[in-house]
Amino acid sequence: MRVNTTRAKLLDGKVVFGGIISGFAPELVELLGLIGYDFAFLDCEHGPMGLDQLEQMVRAAEVVGITPIVRVSDHADATILRVLDRGVQGIIVPHVNTAEQAARVAAAARYYPEGHRGAAGGRAHDYNVHAPRVETSRWINEQLLVIPMCEETEAVANLEQIVAVPGVDVVHVAAGDLGQSMGNPPAAEVRRVMADVVRRVRVGGKYAGIGGNAPTDPDGVAALIAEGASFVTVPALGLLRLGADAFRAGVEAAIARNAGPGVGTGRA
Numbered sequence: 360m361r362v363n364t365t366r367a368k369l370l371d372g373k374v375v376f377g378g379i380i381s382g383f384a385p386e387l388v389e390l391l392g393l394i395g396y397d398f399a400f401l402d403c404e405h406g407p408m409g410l411d412q413l414e415q416m417v418r419a420a421e422v423v424g425i426t427p428i429v430r431v432s433d434h435a436d437a438t439i440l441r442v443l444d445r446g447v448q449g450i451i452v453p454h455v456n457t458a459e460q461a462a463r464v465a466a467a468a469r470y471y472p473e474g475h476r477g478a479a480g481g482r483a484h485d486y487n488v489h490a491p492r493v494e495t496s497r498w499i500n501e502q503l504l505v506i507p508m509c510e511e512t513e514a515v516a517n518l519e520q521i522v523a524v525p526g527v528d529v530v531h532v533a534a535g536d537l538g539q540s541m542g543n544p545p546a547a548e549v550r551r552v553m554a555d556v557v558r559r560v561r562v563g564g565k566y567a568g569i570g571g572n573a574p575t576d577p578d579g580v581a582a583l584i585a586e587g588a589s590f591v592t593v594p595a596l597g598l599l600r601l602g603a604d605a606f607r608a609g610v611e612a613a614i615a616r617n618a619g620p621g622v623g624t625g626r627a
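So the numbering used here is basically just the index in the sequence shown, starting at one, shifted up by 359.
Watch out, some of these pointers could steer you wrong.
[Said to hold, decoys possible] Per label pair, the in silico range of CB-to-CB distance: (1) E611 x M360: 45 to 55 Å; (2) R551 x I614: 19 to 29 Å; (3) E459 x E611: 53 to 63 Å; (4) E586 x I614: 21 to 31 Å; (5) R441 x D604: 32 to 42 Å; (6) A618 x N543: 39 to 49 Å; (7) E459 x D555: 44 to 54 Å; (8) E494 x L599: 38 to 48 Å; (9) E611 x P525: 47 to 57 Å.
Don't read these hints as lab results, they were simulated from the structure.
Note that beta-carbon positions come from the ideal geometry of N, C-alpha and C, so glycine has one too.
Given only the sequences and the hints, what does the whole structure look like? Please build it.
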């Protein structure tokens, strides 16, 4: 059975980083792992991946030792069960606005006695080759990360109650839906609320996650880490775009330096 290395690093007081991947791209999972990212955030809320594709993404994560964590599409027990049975080591759950919702999600994700996840003996349990299901279920319960998202003003208002729910490990706040729920105020106001959420989550004894426009705002991410955030997500496509832009700009600058004045780059 595999150790959840992201969970272990959080317990050790470290900051962990994950790349958000929204489509079927096992090679991106492998690349993030080889670069040294801690987890792959496999997005099945906004992304088009089916369960068969998701399982292959999880296998890719296991090959390179990066933690596979999936954002599920909804709160339903069946949705959570079918994702977890692929062998993922954490779930991120969107739009968790109350303690009751958080408690239902946490119970759906874990086996008895912590929850009521449906019992099975598939790949999440290493097919019970080395240990009986009772033992592997206990191990999975211990290693799993359950991560509700605080992305609406209702969740912000109920934050202390959500954080207090047993079985919630990380509370994740991101700028997009939160800002929309706030009426799309200036980015600075959204960031202020995010920082407040991070502080309150840490006071409540849980880990705080942050996401949003991280590729273009490393200073803002660092500021939220200083407030106590330790679970950081960043879109893989955003990183690709920044790298592609930086490479082209660098080449064009080199051409201009070498060719002298009056030479264009062809950029529209």
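* Asked: Cβ-Cβ distance between R551 and I614: within 19 to 29 Å?
  -> Since the Cβ atoms of R551 and I614 sit about 43 Å apart, the hinted range of 19 to 29 Å is violated.
* To do: Please test the hint of 21 to 31 Å on the beta carbon pair from E586 and I614.
  => Given range 21 to 31 Å: violated, Cβ gap about 43 Å.
* **Range hint 45 to 55 Å (beta carbons of E611 and M360) holds or violated** => For M360 against E611, whose Cβ atoms are near 51 Å apart, the range 45 to 55 Å holds.
* Is the distance from the Cβ of E459 to the Cβ of E611 consistent with 53 to 63 Å? -> Once the Cβ atoms are compared, 55 Å apart, the range 53 to 63 Å for E611 and E459 holds.
* D604 and R441 - C-beta distance against the hinted 32 to 42 Å -> Given about 38 Å between the Cβ atoms, the range holds.
* To do: With 44 to 54 Å as the target window, see if E459 and D555 comply at their CB atoms.
  => The hinted range 44 to 54 Å is violated for E459 and D555, with Cβ atoms some 23 Å apart.
* To do: Indicate whether the distance between the beta carbons of E494 and L599 respects the range 38 to 48 Å.
  => Given range 38 to 48 Å: holds, Cβ gap about 41 Å.
* With 39 to 49 Å as the target window, see if A618 and N543 comply at their CB atoms. => For A618 and N543 the Cβ distance comes to about 44 Å; the hint holds.
* Asked: Falls inside 47 to 57 Å, the C-beta gap from E611 to P525?
  -> Holds, at about 55 Å.
Violated hints for the displayed structure, listed by number in ascending order: 2, 4, 7.
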